[in-house]
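S.K.: Protein chains in written order, with this note's numbering: chain A, 82 to 281; chain B, 82 to 281.
Fair warning: there could be bad hints in the mix.
What the hints assert, rightly or not - Listed next, the in silico EDC-like pairs over lysine to aspartate or glutamate satisfying Cα-Cα at most 20 angstroms (straight line):
no., chain 1, residue 1, chain 2, residue 2
1, B, 124, A, 154
2, A, 124, B, 156
3, A, 124, B, 157
4, A, 124, A, 161
5, A, 124, B, 154
6, A, 124, A, 185
To be verified - Stretches of chain A that chain B covers, calculated by requiring three or more beta carbons in the stretch to come under 8 angstroms of a beta carbon on chain B:
no., segment
7, 162-174
8, 222-234
Stated by the list, open to error - Over 10 angstroms on every C-beta distance to chain A, these chain B residues come out as not near it, computed from the model:
no., residue
9, 95
10, 105
11, 106
12, 123
13, 134
14, 136
15, 146
16, 223
17, 246
Rather than coming from a laboratory, the hints here were simulated on the basis of the structure.
C-beta atoms are modelled at their ideal positions from N, C-alpha and C, and glycine is treated no differently.
Below are the chains, spelled out letter by letter.
There are 2 protein chains.
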Amino acid sequence: MKILIVGATGLIGGAVANALSANHEIISAGYSDGDVKVDLGSKASINAMFTAIGKVDAVISTAGLAGFAPFNELDDAAYDLALSNKLMGQVNLVRVGQDHVSDDGSFVLTAGILSRQPMPGSVVISMANGALESFAKAASLELDRGLRVNTVSPVFVKETMVKMGMDPRSGLSAADTAKAYVAAVTGNMNGETLDAPDFA
Amino acid sequence: MKILIVGATGLIGGAVANALSANHEIISAGYSDGDVKVDLGSKASINAMFTAIGKVDAVISTAGLAGFAPFNELDDAAYDLALSNKLMGQVNLVRVGQDHVSDDGSFVLTAGILSRQPMPGSVVISMANGALESFAKAASLELDRGLRVNTVSPVFVKETMVKMGMDPRSGLSAADTAKAYVAAVTGNMNGETLDAPDFA
Numbered sequence: 082m083k084i085l086i087v088g089a090t091g092l093i094g095g096a097v098a099n100a101l102s103a104n105h106e107i108i109s110a111g112y113s114d115g116d117v118k119v120d121l122g123s124k125a126s127i128n129a130m131f132t133a134i135g136k137v138d139a140v141i142s143t144a145g146l147a148g149f150a151p152f153n154e155l156d157d158a159a160y161d162l163a164l165s166n167k168l169m170g171q172v173n174l175v176r177v178g179q180d181h182v183s184d185d186g187s188f189v190l191t192a193g194i195l196s197r198q199p200m201p202g203s204v205v206i207s208m209a210n211g212a213l214e215s216f217a218k219a220a221s222l223e224l225d226r227g228l229r230v231n232t233v234s235p236v237f238v239k240e241t242m243v244k245m246g247m248d249p250r251s252g253l254s255a256a257d258t259a260k261a262y263v264a265a266v267t268g269n270m271n272g273e274t275l276d277a278p279d280f281a
Numbered sequence: 082m083k084i085l086i087v088g089a090t091g092l093i094g095g096a097v098a099n100a101l102s103a104n105h106e107i108i109s110a111g112y113s114d115g116d117v118k119v120d121l122g123s124k125a126s127i128n129a130m131f132t133a134i135g136k137v138d139a140v141i142s143t144a145g146l147a148g149f150a151p152f153n154e155l156d157d158a159a160y161d162l163a164l165s166n167k168l169m170g171q172v173n174l175v176r177v178g179q180d181h182v183s184d185d186g187s188f189v190l191t192a193g194i195l196s197r198q199p200m201p202g203s204v205v206i207s208m209a210n211g212a213l214e215s216f217a218k219a220a221s222l223e224l225d226r227g228l229r230v231n232t233v234s235p236v237f238v239k240e241t242m243v244k245m246g247m248d249p250r251s252g253l254s255a256a257d258t259a260k261a262y263v264a265a266v267t268g269n270m271n272g273e274t275l276d277a278p279d280f281a
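Construct the entire structure; sequences and hints are all you get.
M.R.: Below you can see the structure in the form of structure tokens.
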């Protein structure tokens with residue numbers, strides 16, 4: 082398969098690219114580097130990316146901005162960023178990308194466990210993640226040509242936890258997290274939320 | 082209690098007002114009628130509403146716009162309306178309203194079963210509902226002064242189904258739907274999604 086990975090230069094995206102590159106052709110996309118540049122906050126930029134790369138068999142997104150902050154410190158801009166970038170950026174990958182993906186191809190978006198297991202500071206991330214899970218479930222009913230869309234729900238990545246001085250035992254390595262993306266893109270599920278620990 | 086009901090002139094909101102008015106003082110709010118007018122799509126309008134009514138003990142929302150349409154007919158405006166009105170309108174009731182609700186007061190927002198049981202045409206509604214459920218769950222961890230926030234997840238309302246020529250047997254009457262709102266506002270739950278059929 083020819084697989085576009087948006088966010089391939091990130092920690093999870095890099096691990097996904099690693100896991101898939103032996104058997105598939107990877108096109109990496111990122112905000113500032115990769116085979117092609119894309120600004121998830123801009124539908125025009127997403128359009129330009131798909132026009133530049135031509136037909137692909139799958140689109141994986143491990144990207145999308147949304148910030149941690151205490152509820153009472155979240156301003157309008159924090160809500161806007163989560164909704165326009167992490168949520169609509171990934172939604173627009175499906176809206177725009179469906180015309181650039183071959184029959185029976187698939188989309189894998191990144192939500193996260195904070196939708197169902199929030200923590201203080203996660204309000205806008207939880208909100209975007211919950212929206213993404215429900216979006217994929219709903220959109221999966223209507224995609225045609227055998228297209229599929231699923232979300233992966235990662236937990237904290239061990240490497241990030243170590244860097245942040247957190248105890249990494251509750252986390253999952255980037256390489257283990259990547260297994261859920263591989264399962265989603267090579268499997269037959271549609272409209273599902275894949276909890277990363279279930280595939281590690 | 083002094084309870085603000087946003088959407089009190091709607092089918093569910095009217096039934097909630099009916100159910101609560103024997104024991105509580107109701108302030109009704111709506112876009113075009115009610116004791117006070119409010120445009121959920123405008124944070125300034127929400128601010129003005131709370132300033133006008135003074136302190137309340139609870140805020141119930143049965144309002145918020147989001148439209149049914151096939152996935153491939155949803156334009157940017159359809160996404161914007163769901164996110165800015167049904168989602169952020171209700172989120173802003175909590176963000177703005179928390180300073181106008183008395184200690185141990187609560188918020189009850191309206192999501193809906195389409196977040197977890199979508200149907201063709203429900204993409205933006207499903208997305209907004211999923212976001213609302215996760216928002217309430219996350220925000221409930223951080224509200225202070227004993228404030229609570231929950232969502233009610235209604236199914237189709239029988240009266241609406243009859244009007245639309247649908248078989249109403251899978252639906253719930255507005256009066257039965259109202260029971261979940263009464264439970265949320267008079268109970269102690271926090272961060273929960275109350276499935277309306279569980280309270281009918």
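S.K.: So, for every hint listed, does it hold in this structure?
M.R.: Hints, verified against the model:
1. B:124 with A:154: holds (16 angstroms)
2. A:124 with B:156: holds (12 angstroms)
3. A:124 with B:157: holds (10 angstroms)
4. A:124 with A:161: Holds, at roughly 15 angstroms.
5. A:124 with B:154: Distance of about 16 angstroms is within 20 angstroms: holds.
6. A:124 with A:185: Violated: residue 124 of chain A and residue 185 of chain A sit about 24 angstroms apart, past 20 angstroms.
7. 162-174: holds (count 4)
8. 222-234: holds (count 3)
9. 95: holds (27 angstroms)
10. 105: holds (27 angstroms)
11. 106: holds (28 angstroms)
12. 123: The claim holds: residue 123 of chain B sits with its nearest Cβ about 12 angstroms from chain A, beyond 10 angstroms.
13. 134: holds (22 angstroms)
14. 136: holds (19 angstroms)
15. 146: Per Cβ check, residue 146 of chain B is outside 10 angstroms of chain A; nearest 16 angstroms; holds.
16. 223: violated (4 angstroms)
17. 246: holds (22 angstroms)
In this structure, the hints that do not hold are numbers 6, 16, in rising order.
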